[in-house]
Amino acid sequence: MIRLVTTIVGGAALVIAANVSAQQPASEFDPAAVERGQQLLSTQCGFCHGANARGGSSGPDLTRSALVQTDEGGRQLGQFLRVGRPDRGMPAFDFTDAQMADLAVFLHSAIRANANRKAYRILDVLVGDGKAGEAYFNGEGRCATCHSPQRDLRGIGAKYDPPTLQNRMILPRGAVTAPNTQPEPAHLDHNAIKATVTVAGGESITGAIVRLTDFDVALYDAASGQTRTWLRNGDSPKVVVSDPLQAHVDHLAKWTDADMHNVTAYLAGLK
Amino acid sequence: MMLKTLAALLFAMAAAQTGSLLLDPATIAKPPVDSWPTYHGDYSGRRYSTLKQITTGNVKSLTLAWVYRLNTQRAAAIVGGEGADTAPPTAPPVVKSTPLMINGVLYFSAPDHVWAIDARTGRENWHFVWKTRGGDHIGNRGVGIYGNWLYFLTPDNYFVSLDARTGKERWHHEIASMKREYFSSNAPIIVGRNVIVGVGGDALDIPGYLESRDPENGEVVWRWNTTPRPGDPGATSWPDEYAMSSGGGMPWLPGTYDPDLNLYYIGTGNPQPVLTGQSRPGDNLYTCSIVALHPDTGKMAWYYQVTPHDTHDWDAAQTPVLIDGVINGQPRKLVAQASRNGYFILLDRTSGAHVLTSKMIESANWTKEINATGQPIGNRSKDASVPGTLVSPDTNGATNWPPPSFNPDTGLFYVGTQQAYSIMYLTDTDPRPQGWAAAERSVGRVASALKAIDYQTGKVRWSHPLALTAAGSAGGPMGLLSTAGGLLFGNDGGSHFVAYDAATGKALWHAGLGTNTTNGPQTFLLDGRQYVVVGAGDALYAFALQQ
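If you read the sequences in order, they're chains P and U. Residues in the first sequence are numbered from 1 upward in steps of one, following the numbering used here. Residues in the second sequence are numbered from 1001 upward in steps of one, following the numbering used here.
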């Protein structure tokens, strides 16, 4: 709802870390207690509330329950369960304190997992038809104009996990970095958007764009490893932008999701 | 109207008891140019000032008057709050609030902080720190003032009142549960004796609501639920109680108000679960809607749903901007929204009747059709899927919370836009998915532009591209201010604060602030001098003409 990312997220750079942490239960919960609580829930509560506590044949969703969400370590939940709500068919339960604690740990860990979208695990990406993907690659997609499974894409399927492969197929911007590390600056990426600045007197400098505004231009000069900056005044100095990924950018509006899945399946097979 | 008269009477009585008051709420409807008494400067949400000391002709002489860097130290601050004495680690505060200016003092906020700053010098009068219990510290939009009382919300969901003269706390009330992942970032809006506040939070499937609170004791006057309950009108747009009573719709941004119609306009948030609709078939009223409420009762007068059955986090919380305009030769009372879903929507604000819909960004690829009432209808094949769906805009939207501007002189509605793509993966295939239920992987931002939209046609009159970096376009959504001096203040996505020619979009003046502006700029006259005040990162900057 609210999050407005103010930095540029190009390609897959910031994405790897999220994947690695997938399915890890939050460290605040004891895994053994979660397991015991889940067992208890499924045998004692699951018939009405569902084996995953999201509601069943006759009982409401427990993970969406305000009582459960605001419970503190099983205290309020325990008070409720000892009495139940007989008028609405909810019997009292005589759990031990230890059982009560386990049940609360399971429910709170399930709620945490629902809330923690950074840890959501991406499921099966490779559902496409690799043969159809190959045909698209060589035909309508015009991918073969620049790419070849024998050269630049050799072994690409072994290099990336499927979601990263799909993401980079759409726009291979940003270097893939190790989990929990800062991505390297975008101007060091070989697919960086570049500009050529031509100053009065005719000198031309080409480099990755660190920043281009109405008022200044800063390029990364790979030869010297330094950033060079010029103030701009209208058309002076002259600035010409070139994007090595322009074909990818132009193709964004052309992809169907089926074509995307098919080509991903094709590339994933290049191992 | 009777209630308004009563409110004025009560206010006069309070004034008689306490001596002179900083702000009579009746003046918010027509604020004098030497003040900025409410989030948008006035009730209209236009963020247009009649001041014209600074013009297209002399803006080149605009210069820095002062800088205030956010002081977050507790040592000399007035401290309140329910949390621990040692502050938990939170991101450095950023100025997202629009400062109010009354009697030469600026009042503004960041999560857990409120400051009163001398508007002439930028020196601190007082600083209030809230000891937090937690909550999402993503931002705070600002404070509201009624008489001598100042109001703000905290990330851990407290509604707090201070004495604006001293910064001393009067009281605080909890308005939502942090344990349910509610957090509060809204700026309170004062209408008569209603202090209107809305809650936020979308990590879990929880109900959204807007409240009026009493300015003296902070108690609830009315609450409007953003989704219906069984039997209510609108309930048939949800499959069951389970879905509607946890259906989200957070009203997380300040609304606007028409004193003549006595209607308060608010944009509501997206439905829950956020990125999938499998457990909530139907339109999911009143999420992603522009809603008109009676401010004295909280009863709904009309609604218009900008995105029926949203599945992409595109809330319609963006400012509903009030325009007194002309359509087909007829004078009309209108309300416009540049919406996060990529569309510009214009309505009649008396009835909610649709006037026009236009597409703001080219890349938007999620729509099947614009229906007979102008609503963009989603193509369900563009919902998140297990193997991934390529969608534009991304969840940040074509635009976002930063306030747009409407200039009645040019007839143009100004908005910062971005065109980004993401792949959205359904991760929760349960019949009852929860939370976001899907993962988003950013592809990139391929364009960003400041756009000027002709409100009568919905067509883009001019579009000014923003900054470029090695990774793509930068910037997009930005706080804007337009003035009778022919100027439009905003940023360029490249860390410059810029004065544009409001008619043409030409950049006339700029200041490199090292980071993009992060709030809505505002302006006022003080000692005969027009100031323009803007926040960028952890600092507030004031500009005025060279003397």
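Be a bit skeptical, because a hint or two may be false.
DEER-style ranges, computed between Cβ atoms [said to hold, decoys possible]:
no. : chain 1 : residue 1 : chain 2 : residue 2 : range
1   : P       : D235      : U       : G1512     : 38 to 44 Å
2   : U       : T1166     : P       : G84       : 23 to 29 Å
3   : U       : A1084     : P       : E184      : 33 to 39 Å
4   : U       : P1331     : P       : A132      : 55 to 61 Å
Taking lysine-lysine pairs in the DSSO-like style, the calculated list, with each CA pair at most 27 Å apart, reads [claimed, not checked]:
no. : chain 1 : residue 1 : chain 2 : residue 2
5   : U       : K1179     : U       : K1359
6   : P       : K238      : U       : K1060
7   : P       : K238      : U       : K1506
8   : U       : K1060     : P       : K118
Derived by calculation from the structure, the hints in this document are not laboratory data. Bear in mind that the values here come from a model prediction, so they are computed numbers and not experimental data. Heads up, the beta-carbon is just placed ideally off N, CA and C, and yes, glycines get one too.
Okay, the hints, checked on the actual structure:
Hint check: P/D235 to U/G1512, Cβ distance near 21 Å, so the stated range 38 to 44 Å is violated. Taking the beta carbon of each, U/T1166 and P/G84 are about 52 Å apart, not inside 23 to 29 Å as hinted. Remark: the range hint 33 to 39 Å for U/A1084 to P/E184 is upheld by a beta-carbon distance near 38 Å. A hinted range of 55 to 61 Å for the beta carbons of U/P1331 and P/A132 is consistent with their spacing of about 58 Å.
A C-alpha spacing of about 39 Å is found between U/K1179 and U/K1359, which places the hinted pair above 27 Å, so the restraint is violated. For the suggested pair P/K238 and U/K1060, the alpha carbons sit about 24 Å apart, so the restraint of at most 27 Å is met. Using a Cα cut-off of 27 Å, the hinted pair P/K238 and U/K1506 holds, with the two alpha carbons roughly 18 Å apart. Simply put, U/K1060 and P/K118 have alpha-carbon atoms about 46 Å apart, too far for the 27 Å limit, and the pair is violated.
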